[in-house]
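There are 2 protein chains.
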Amino acid sequence: MLPFFEKMAVVGVGLIGGSLARAARAKGIVSTIIGIGRGEPNLERAIELGVIDAKTRDLAEGIQEADLIVLATPVDGMRDLLGKVASHVKADAIITDVGSVKGTLVQEAETRFPTPSRFVGGHPIAGTEHSGVEASYPSLFENRMCILTPTEKTDPLAVEKVRQLWEAVGAKVLTMDLVQHDRIMGFVSHLPHMIAYAMVNTIEEAEKKEGNLLDFSAGGFGDFSRIASSHPEMWRDIFLMNRDVLLEAMAVFTETFDELKARLSARDGEGLEEHFRRSRRTRALLLEQKKE
Amino acid sequence: MLPFFEKMAVVGVGLIGGSLARAARAKGIVSTIIGIGRGEPNLERAIELGVIDAKTRDLAEGIQEADLIVLATPVDGMRDLLGKVASHVKADAIITDVGSVKGTLVQEAETRFPTPSRFVGGHPIAGTEHSGVEASYPSLFENRMCILTPTEKTDPLAVEKVRQLWEAVGAKVLTMDLVQHDRIMGFVSHLPHMIAYAMVNTIEEAEKKEGNLLDFSAGGFGDFSRIASSHPEMWRDIFLMNRDVLLEAMAVFTETFDELKARLSARDGEGLEEHFRRSRRTRALLLEQKKE
Chain B
23 MLPFFEKMAV VGVGLIGGSL ARAARAKGIV STIIGIGRGE PNLERAIELG VIDAKTRDLA
83 EGIQEADLIV LATPVDGMRD LLGKVASHVK ADAIITDVGS VKGTLVQEAE TRFPTPSRFV
143 GGHPIAGTEH SGVEASYPSL FENRMCILTP TEKTDPLAVE KVRQLWEAVG AKVLTMDLVQ
203 HDRIMGFVSH LPHMIAYAMV NTIEEAEKKE GNLLDFSAGG FGDFSRIASS HPEMWRDIFL
263 MNRDVLLEAM AVFTETFDEL KARLSARDGE GLEEHFRRSR RTRALLLEQK KE
Chain C
23 MLPFFEKMAV VGVGLIGGSL ARAARAKGIV STIIGIGRGE PNLERAIELG VIDAKTRDLA
83 EGIQEADLIV LATPVDGMRD LLGKVASHVK ADAIITDVGS VKGTLVQEAE TRFPTPSRFV
143 GGHPIAGTEH SGVEASYPSL FENRMCILTP TEKTDPLAVE KVRQLWEAVG AKVLTMDLVQ
203 HDRIMGFVSH LPHMIAYAMV NTIEEAEKKE GNLLDFSAGG FGDFSRIASS HPEMWRDIFL
263 MNRDVLLEAM AVFTETFDEL KARLSARDGE GLEEHFRRSR RTRALLLEQK KE
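Residue numbers (the numbering used here), protein chains in the order written: chain B, 23 to 314; chain C, 23 to 314.
Think of the hints as simulated: they come from the structure by calculation, not from any bench. Because the structure is a prediction, the values reported are computed rather than measured. Virtual Cβ for every residue (Gly too), placed ideally from N, Cα, C. Possibly wrong hints are sitting among the right ones.
Stretch-level coverage of chain B by chain C, calculated; a stretch enters the list once three of its residues show a Cβ under 8 Å from a Cβ in chain C [to be verified]: (1) 214-224; (2) 227-237; (3) 281-292; (4) 295-302.
Using the sequences plus the hints, can you model the full thing?
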């Protein structure tokens, strides 16, 4: 079923917020879109591009008539917005977000909004290494997963509306416990990003001694550098907000890495190969799931 | 200038050997191609696919009339072949290889072949996560780098011929000291592969506790698993042959990773961000170089 929103307010018109605005408009599920942000040039560009219809830097003004509010700022800033959103939002408005870490944000939201809460935590697993409204496009969410993390305090009707929103723009929607969400993302997303950053910095470090290594990025390093080129502030905030899980994931990685190091050091070819065979099986499993 | 070879012998008709055979034929720089290998079914398939004209499991027989011999077996097996190749090769034949580690192989070759040596170490930086002759295709080397590692004992005319071979199939050829080659590859290729294996095994480990993580591979983990799905035996051998450099590279990585861990643990957002900004600059530099 297609939902309909008279006025959608997008707080933070970047890659994700901008793409959701474009997609919602393209699907005809929204009448007016107002963009809210701190950077005037970005908001102006968003109007020029037809991503939003109106703009404001005043959060209270921007959301007061909206029946759908999407928080799409960097995760760190979101928590600070919740109080103001709660004070100025229409009683029947639905509020959702697109942050990569859910725990602290959803918990904070539930202290700010009355129960049953019309705030629904959301996380579309989509993105590119680019950022800003210029990089946004309406098909970004097609066939991508979007995880919603309602709690027992969340209004089921609000959850249903947000589900319809994401399904309308092409996403496959999944609901999940917020702690589980943050644990899973800590391992499959935050850890790989942290590793990619460390890998790129290792190459940078080694360049001082080894000469120009970047010329040879096709050898395997190129993929890492793509992952590590995402927005530095954004990842800093995600990592800090999911600190405990990420530290745990990093420890598991270190253990595995050290084991491989020990096997290599001991010239234990059989042990290495056994490790690599397991990796290959995991990959095969993954591709099989994608086909289904 | 296009080279020409009357009879090309490819030892190991897999992804790389098969692709080079296909490309050489497509460019018309070879008259007959003989495939040499241990697996009869693979050789038969290579004939069916038109990759080779004839096949044999007998190395001596396969190379005796060849004027170009390409060693394209897994790196570990190559060293053992050199003695036999040296005993049965035509006096004016050129011998080259496609191995990812050059040091020990080239050194061994120079004890086996007379000086000036017509053995030229080579390493096309190309490949996919697939292996075997089925996966081979003639454009694999187009616009990819191919590194040659001649020494002072190598016949310059042989180097020139091998350079022409790779340029004919579309590669950009670079010559380099073999120690430097192995150091560079240890950092930009072998280290990323080792990390990818460790990352995939970490996810596999965490799955036991966290539930199905593979469903969420789009979050960043997917790229790693692709890298880690390459041939396990092949990477085992490459790692063992470049063990010292790789251990060094792993140590540099661990240092960087541990520093990030310490910063995260200390909630040092500024320090993390500074790291990530450096990564982004490195990536930008890399893309700039590609454009040139």
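Hint by hint, work out which the structure violates, then give me just those numbers in ascending order. none
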